[in-house]
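Mind assembling these two chains? They're in different frames, but the hints should get you there.
Protein chains in written order, with my numbering: chain X, 1 to 318; chain F, 319 to 877.
Hints may be right or wrong, so weigh each one.
Distance condition first, Cα-Cα at most 25 Å in a straight line; then the derived SDA-like pairs of lysine to any residue [unchecked claim]:
#, chain 1, residue 1, chain 2, residue 2
1, F, Lys370, X, Ala136
2, F, Lys813, X, Leu256
3, X, Lys229, F, Leu788
4, X, Lys177, F, Ala766
5, F, Lys567, X, Thr278
6, F, Lys382, F, Asp506
7, F, Lys567, X, Gly223
8, X, Lys138, X, Arg169
9, F, Lys813, X, Gly223
10, X, Lys177, F, Phe736
11, X, Lys57, F, Met780
12, F, Lys382, X, Thr124
13, X, Lys89, F, Cys821
14, X, Lys138, F, Ser555
15, F, Lys856, F, Gly874
16, F, Lys813, X, Thr278
17, F, Lys692, F, Tyr704
18, F, Lys813, X, Ser227
19, X, Lys57, F, Asn485
20, X, Lys89, F, Arg811
21, X, Lys177, F, Asn559
22, X, Lys229, F, Arg805
23, X, Lys57, F, Leu773
24, F, Lys567, X, Arg70
25, F, Lys719, F, Tyr684
26, F, Lys827, X, Gln172
27, F, Lys382, X, Gln122
28, F, Lys567, F, Phe736
29, X, Lys89, F, Lys856
30, F, Lys567, X, Leu256
31, F, Lys567, F, Ala622
32, X, Lys177, F, Thr768
What the hints contain is simulated information worked out from the structure, not anything from laboratory work.
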Amino acid sequence: MKTTWKHTFALVLLASGCIQQTERTLEELDQGEQPEIPKVISLRMSKYRPQPGRQFKEIFVSNFSAGVARGLPFESEGRDGLSNELKSKVAPLYGFALDGPHTANPLFSDLMIYLSGIRYAQQTFLHCSSSLVESASKDIIKYMDNRVQPPRLTYLGLRDCEKSYLGLRPDQFDFDKDLIPDYLELRCGLNPRNGSDAALSLTGDGLNNLEKCKRHIPIDESGNSQSNKLYGYRYKIEVDVNSNDRVIRVDNIPVLKNDRQNLIAIYIVEIDPATTRTYLMTAWSLITPKAIGLNAYEFDYWATQNVATHQNQEVQFP
Amino acid sequence: MKPITFFKKSISLSATVIFGFSLLLNACRKPNLEPLSRVSPVNLQYIDVVAKFCTDDRSVARQKVKYLFVLDHSRSNQPGIPDPATPNDVNNTDPDGARRYGPMVAFINGLIPDPNNLTYFSLINFDTTAYVPRNMNGFMQDPDAFLNQVVRPDWIGSGTAALPAPNDRGFTNYQGALELALTTIRSDAQLEALLPSDPPVTIQYHIIFVTDGAPTVPSGTGVVTQTFLGEISPVISNLMNIKNDPIYKNIISGVALNTAYYFQTAPDAAAQTLLQQMADSGGGQYLEFAAGQGVLYQSFAPPARNIKMNLADIWIENQNVIGWEDGRILADFDADGLPDEIEAKLGSNVTDSDSDGNGVNDLVEYRTKGVPCKDAACSVAERDPYAICDGFAPTFGANNKVQFRRSSQDGLNDCEKFVLGAERNNFDSNGDLIPDRLAFVNNIPFIAGTSGSYLDPYGDSMNQYTKLKLGYPVGISQRSLVGFIPRENSLLREKDEQADIDCYRYSAKKVAVLRGGDVIRVYLIQNQSIISNKPVLKTVSKSWRAGEFTVTFERGDFN
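Bound conformation, chain F alone (with noise of 0.2 Å):
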């Protein structure tokens, strides 16, 4: 209080003293007062958009189960020779193959053909080595070709069809098979990334490791026996680590390590151990099949899965008005993302999203440049040729005009994504669920890594996320906007339904529309409910006509 009465004391003796300090402090301020307020320049009518759709049932989450068999070739299958060099090792456990391979033939052939959960084969075989069979490469789709060209000549050995002799000789290296079968599905693992799918195809690797012993290796003139924490733990962990890789973790649902031990007459007990400390490490099973027996490989099989689909998010969007940068909404008629008037301004075209045809838009031209086309006039012989583009097969039309495939299903073409570094096959390339387009059209971060869709940059208590799902420009305060009317938005449950599925009804009210043939889009995002993280896009668009009050898409349109 003291030093507002001092001020009072000394000051108020004259009124014009303070009435020059205000003078002077508005005249200091007032260049940074002035209220970013607008009026909308354009004649909005507001339309009500209504969206019915069912989410996709459980079949297009699909899957791939990969299995690995790894299988123990050391000499104690064979009969004959008591081998003091694996003295753990029961003699002439498998000496025809028939417990190794005849069941595997039995259950590759009893698989049946499922669409949602296709099955691919490979095979290692260990010994004091491990290696990959004659014929083997990666993972083979084909369970016939799997069998005839690999399975059986592997099995068949030395010998004949009618009497096989497997090769089968040297001791038995865990580790090495586990490091071979850590490679086969690293490399396959690479492939696969590099082809993506849609609709989204997750894989599990199901390893089933078969052994008759013990793990022992020569070392020097003498036999080792390798120890879980020593040699085959840290192989494991390996495994199980690969799902965590960035590049590999939304196309691996789950690497598992089985285990099967066959023995002849009594087991031995440290193999049982180690096997069991195998599979609990590596989130699979073990199991055991005694004198005879051949393993059981369906007991390890995963089961085949149908994931349920979830609704993750909706946008509903007038293509052709626009939010502008300073918070005007504004009219765009080509529905390139830059107005009008903006492109009257910079010399576009502004019935054309791609004025000098380069294939590369004018917004994201605009954006990445700061003007649309590279000469005022926007002519084709002077254009910008994104040669750094021609990777991507661009095609050519009328006037040369260049086009390119849009991977994913967003509106930004392959060219346009890998200039804004966004990524191509990604409708969403910071995961943040909107849409690359639309948020790269509103000026939210849309790149990998980049977030902002729930700042709040005016302080207007609302973010931009919210903005964007009401209507709002998201380039203005909520508070300043003068006129204008925000979307009012409802979802409906429509009742008895399937149960694997469900329908909506959407319906937003009050969608800000300017002109007849303005194109509305609906952006349905769907995820699946578990198990994989890979949201989907379908998109749909329909053009008002003036004078309607009700644009409505119906569950046909969006299949």
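Isolated chain X (complex conformation) (with noise of 0.2 Å):
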């Protein structure tokens, strides 16, 4: 890919009035590897404020639909932590489609079943009891995606009957203690029942897992790569002294272009210090960059004391 004028003005546009990064999107461009450049958005959160008793420990955002991975821009169309590409590499063996997180069995999410091996035809194995079908721990996107018709109820997340085969405790949306949501963690690579993994800084450039896990950056990927530099996500929180609310900024978000949508989870760990219980916060949006034609998006916390849910929020933007 050539660079033209045309191209250094749309990309002075798109990064959000970054000077420093605009300079660095160019010389990628000039390696001619990349086939399409990501956009990217940004989130500003305002008037957040833990839960009374409880202390702010971890916030986590991430684009369900799309990200970056050894140096190129990736789409995930079921939004369930595998791409489609890896996907349809793997469909002939557990029958995967592509358009939703879950395929044979309704109750079990094909990520799960991915880093399980469970087969196609061995599919029909997987049990799940009535009691188990929904989270006892809250701790999972469910939304009606639209790009199918009739609209489909889906779950972003593990279920009951998934963390009951896994291992894990429906009842705790973390399972070793390490701050990520299980998840979270599958998603990332990471083993939710290993405590120690979210530490590790496993390519030894001393970004620890879990900070990559949080910025989208792959586990098993430097954080010092171009592209991990350009297209990691960056957080900065602030507070207000007045107020003690916070307003938490996260920048560098790649995201579907045009009229695709994005789905954006966010995960907020709050932890009561005196009992050393951990909490959850969730809330998603569907973002369309096209049609709201922004790169910032501003929106105040959904958790407020007076809001009854503060799972599973769906956020809005004006």
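Quick look at the structure:
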């Protein structure tokens, strides 16, 4: 791909005003390796305040629809942690379809089946008790997928039957207590039963696996590679000293362009320091960049004290 | 501000006084202020180490599926007697055992042998009480033996092969049956826990509970029905908790209680509800088999699986260059972890990792006793015999040199592990994914229950884990090191490989070496991606030849 003035102009616009970043983007283009430069957006969440008696511990923001791995952007139509490329590659063994997170058995996700290696013919032997179809710890993202007709109720996360099959506890969202919710561990290539792996730095680059998981840098890639420097999420947390509210800003989220939907999921982990028990708050949003035409999406924190449910809240933008 | 003004006013008169003061202060502080700054006393060179490898394919993550059949032998299976004691049972449900045993034989015969999903079988019967049938002991792996020695005789009962008549009598004690299932699984798990396997194999216990009616048991002269909350649910919760037991949790991947209800005319709603509740709380499935239908055991079978392996961590070590306790980088010819200079002072042999030949290397003896050998001359005659390790079956080499097995791959032998309080069969006793020997040599806690790799005792913004990764000696602040070059690590995933395995190229630049012949060791740690948490270690060593710039480990080296 040749750099033209038009490109440069578009890139300057896309890079949300960051000159330095624009220069880097150009450098990458010159190598001619990138088939398509993903657009990046920012999220800015205001008025975040932990629940009374709790402390803020972690935040994970993810675009479940797209990402960058091995220097190349990828799409995940099922939004389930498996890229279209991988899913198509292993489809003959597992019978996966691209358009959703579940295929043959609606109660077990393709991600779980892929990692466990349960071949298509064996999937009929996966059973789930009727009492285990939902999520006791409410750590699941549940939404209507309107890309198919009629719209389909879709679960992103580990339902209780999956957790119990995997030896995890349905009443907990973080079995090994490393502060990464079990489902995100699977998506990041970590073991939800191993409490040590979050702190490791597999590639020896000084960034530990938790930071990488959070920033969507594949844990087996160096954080110093050019594409990971360019497309790793960046978190910035500020505290308003007067109200004690926080503003959490996440920049550099790669998204599918134009009229394509992106499912953005937000997980916040809080801890009660007295009991060391952790709590999870989740929200999601469907963002179609062209329809809104924004690069920065601003919203107020969803789990205020007068809101009944703090999990699985849909966030909408004006 | 005020005190300072006051200070100036009163004392600024005399410069001599201040001078005297500062001298005094310096004199007091001086011994404490000496910086712990080390220039490497040896002439280090730096090389690159490259390791190319792939993760293991899925077959390594094997599982054992252990089927425990629990069969109803209550009297209602048999014809003829309308039994007032079991009013809920519909009579004559399975007089010749064809519904219970026929499909079981077919199911077991139909299992296709799969080396990654090994199957085992056991059988429990219950009527008024629960019991283990003749010839049944724990779990059996051989399907033919299980069928011929246990299932068929139990099926035939008091009849003949042509006309089987299972011994069906009495009541329907669910609670007793579940308690016996619990005992059977516990004692099997105990045995399994004693036999660690490498590569790791996890066990899935799969109970198939088969009955024809509600749980009625005699009580005094009358009859009572066991209830879910009263008698049944507590036992199920004990069954489900086995896998959370610290002793078993690494070997048991799951316990599932499946329930099957076979009836003849109309199903009993109370039995249906109860069996459904049991399967729900037991993480299993409930199925019904109406008039004459055999129990379809294959519907309960868990799916065969082949778990993906993930790369968990990589370590690279030059076994002949030691970051000693005082922060200095020293040569260690015999790679026992005790540097040559220290060995020379202590009187042990610089060229023999176990100078007195008692099977416990010089560093282990030094760390546990303060001396590498019992006597100053490190003589064989005067050495510590380490009789406590006799149980580990030592062998004796030339010069009466004792050798112990290395059950774990990390480099410490069984006796050394025992003496240090580490786990013999586990390369990483505290689960921090730093292999025990590597942690031990570098003075990082490695015994189960201890941790310390993420601490930063020198306050130099670098934890022990990172120092080890970057090749720093961990016993000194990295800021006080003079002239030492840390490693530059990088991991590259190789493109266009199979979807199931990941292939990598790890390179550590600037690995410190001293002399030709230095042994570079690569530790590769993999873990299952899901279900089980049992990391496995592979180690490979190569010598560096003086003059070479790179030591390369090829994929084949890791097989």
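**Request:** List, from low to high, the hint numbers that the structure doesn't satisfy.
**Result:** Violated hints: 1, 7, 10, 16, 19, 24, 26, 29, 30; rest satisfied.
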